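Each chain, written out:
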Amino acid sequence: MNTTTLGLRRGWTEQLNLWSDRKELLNALAGTVGTYVILVLFIGSANVPGTSVSMAAFMTPGFLAFAVFATGLTALPMLIAADREEGTLMRARTLPGGIRVYLTGRAVTTLLTIVLNAALVLLVAVPLAGVGAPATPARWFTLVWVLVLGALAVVPIGAMIGSLVSGPKAAAAMLALPAMLLMLISGVMFPLESMPGVVRGIAQVFPLYWQGLGLRAVFLPDSVLAAELGHSWPLGRAAAVLGAWAVGGMVLAPWLLRRVRGR
Amino acid sequence: MHDAAVRVRGLRMAYGPVQVLNGVDLDLRRGEVFTLLGPNGAGKTTLVEILEGFRTGWSGEVEVLGENPARAGDAWRARLGVVMQSWRDHPRWRVRDLVAHVAAHYDDPHDVDELLAALGLTEAARNRAGVLSGGQRRRLDVALGIVGRPEVLFLDEPTTGFDPEARREFHLLIERLAGEEGLTVLLTTHDLAEAERLSERIAVLVAGRMVTCGSPAELARAVQVPSLVRWEDGEVETADPSGVAWDLHQRYGGPVPGLEIRRPTLEESYLDLIEETRAARETATVGGTR
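Order-wise, the sequence lines are chains A and B.
Per full-length UniProt numbering, residue 1 is the first one in the first sequence, and the count goes up by one each step.
Per full-length UniProt numbering, residue 1 is the first one in the second sequence, and the count goes up by one each step.
No lab work stands behind these hints: they were computed from the structure.
Small disclaimer: the values here were computed from a predicted structure and weren't measured.
Mixed in with the good hints there might be a few duds.
Claimed, not checked - Here's a subset of chain A near chain B, in silico, CB distances under 7 angstroms, partners left out:
id : residue
1  : T13
2  : N17
3  : R91
4  : L95
5  : E228
Positions of the beta carbon are idealized from the N, C-alpha and C atoms, including for glycine.
Use the sequences and the hints to build the structure in full.
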C-alpha cells in the first residue's frame with residue numbers, strides 16, 4: 001500500500017479512536033460552537049459600520065477561519081506533542097515511510113475536525129446570525145478550496161511546532177497568546193479598516209487574514225465590500241498566499257521532523 | 001549476500017563533553033542472537049540507537065545490512081525490526097488495528113491474526129493498547145517489531161519489569177524466532193542470566209568500551225575471578241583450586257578436614273569485571289592520563 005493511502009486510513013482510524021472517547025469529543029465541539037454562540041450573543045447585534053451586514057454575520061466566516069487556524073496551529077501541535085511524549089512519533093520513525101504516513105494521518109484528522117467544526121458552526125449560524133448557505137456554485141467551490149487550502153497552510157506548520165516543543169502543555173502555553181493576537185489583527189472578528197496600516201500589513205503576511213477574506217467572500221453579500229480593504233475580493237491573491245504557506249510548510253515539516261529526536 | 005548483519009569499527013559518540021562510546025568494535029553474523037550486556041549508563045541504548053539510524057553525530061565505521069544507518073533510506077528500514085525501551089505509543093488504538101496498520105507499511109508482512117496468536121495476543125486483539133498489562137504491551141511491541149519480517153531485530157532491554165513467567169515466555173518466543181525465521185537479533189540487557197540463556201555470543205559494554213566479547217563460556221573464562229579454597233585451618237584464593245586441593249591432600253596425608261572449593265558464578269565474574277573496569281577508568285582519570 002502506498003504511503004498516501006495508508007496515511008488516509010491511519011487518519012480515519014485515529015479519528016474514530018478519538019470520537020469513541022465521548023469526553024474528548026464533547027470538549028472539542030462545545031469549545032468551538034460554545035465560543036461562537038457567546039460571541040454572537042454579546043457583540044453580534046450591531047451592523048458593520050457603513051454596511052447593512054450585522055456583526056454576527058460578519059463574524060461567522062471569521063470565526064470559521066479562526067476555527068481552522070486554531071485547529072491547525074494549536075490543537076494539532078498539542079496532539080503531535082502528545083504523540084511524541086507517548087512515543088507514537090518514534091514508532092513512525094521506525095517504519096518505512098512512517099513519518100509520511102503519520103503526517104498524512106494527522107492532516108486527515110485535522111481536516112475531519114475542521115469539517116465537523118465548520119458544519120456545526122454553520123448549523124448554528126443559520127438561525128442565530130442569519131447567514132445563508134453559499135448562493136452560487138462558484139461560491140461553494142470557493143468554500144471548499146478556501147477551507148482545504150487554509151487547512152493545508154497551517155497543518156504543516158502546526159506539525160513543525162508540535163515536533164519542536166517539549167510537551168502538550170508547553171505547546172498550549174506557547175501558542176495561545178500569538179494565536180489570540182493574530183486573531184485580533186487579522187480582521188476575522190472586526191473589520192480590518194479600523195486598524196493602522198502597519199498592523200494591516202503584518203496581518204496580510206499570515207494565512208488567517210486570507211482565509212477569513214475567502215470565507216467572507218463565500219457567505220457575505222457584496223454590500224459588505226465597503227468594509228473590506230480595496231473594496232474587492234482578491235481571491236487569486238488569497239489562493240497564492242495560502243498556497244505559498246502550504247507548500248513551504250510541506251517542504252519544511254518532514255525535513256524537520258526527521259531531525260528531531262522522537263522522545 | 002553480505003555475510004555480516006552488523007559491522008562496527010572504532011565507534012565514538014559524545015554528548016557534549018561526556019564520551020558515551022569510546023571506540024567500539026562489533027560484528028554480528030547473520031542469524032545469530034547476540035547480547036549486549038552492561039550496567040545502566042554503559043552506552044548500550046546509544047549504541048543500539050546508532051545502529052537503528054536514530055542518532056547522528058558519531059564517528060567511526062558503522063554498517064547495518066551493508067549500509068550506513070545515518071544515510072540509509074526506507075528500503076533499508078523495511079529490513080529492520082525495532083523494539084525500544086518502555087514504549088507506550090498509540091494508547092487509543094486497538095491491538096489488532098495497530099498491528100494491521102504497521103503491517104501495511106511492509107511489502108510482505110506476517111499474517112496479522114497468525115502473529116497475534118503466536119504472541120498470545122488473540123484475546124487482547126480488541127483491547128486498546130493503553131490498557132494492556134506490562135507483559136502484553138511488551139509482546140505487542142515485539143509483534144510490531146517483527147510483523148514486517150525483518151532481517152535484523154533490535155531489542156532494547158525487552159524484559160525490564162517482567163515477572164519471571166512473562167520473562168520465560170518471552171525467552172521462548174525469541175528462541176523460536178531465531179530458530180525458525182533465521183532472524184539476526186541484537187538484544188541489550190543488564191540481566192546476565194538472560195544473556196546466557198538466549199545468546200550464542202555476549203559482549204560486555206562498560207563505560208562506553210567493549211570489555212569482552214564471546215560465547216557465555218568464553219566470557220566466563222575471560223572474566224574469571226579466583227576460586228576460593230577453604231579448609232579447617234585456613235583459606236586461599238587461587239586460579240588453580242584443583243592444584244591447591246592436591247597440595248593440601250599431600251600435606252595432610254589424606255582427606256583435608258572441612259575442605260570446600262567455591263568457584264565464582266558467571267555473575268560474580270561479570271560484576272567483578274565491571275568493578276575492575278570502573279576502578280581502572282577512575283584511576284586513569286585521576287592520574288590525568290586522559
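### Query
Among all the numbered hints in the text so far, which are the ones the structure does not match?
5
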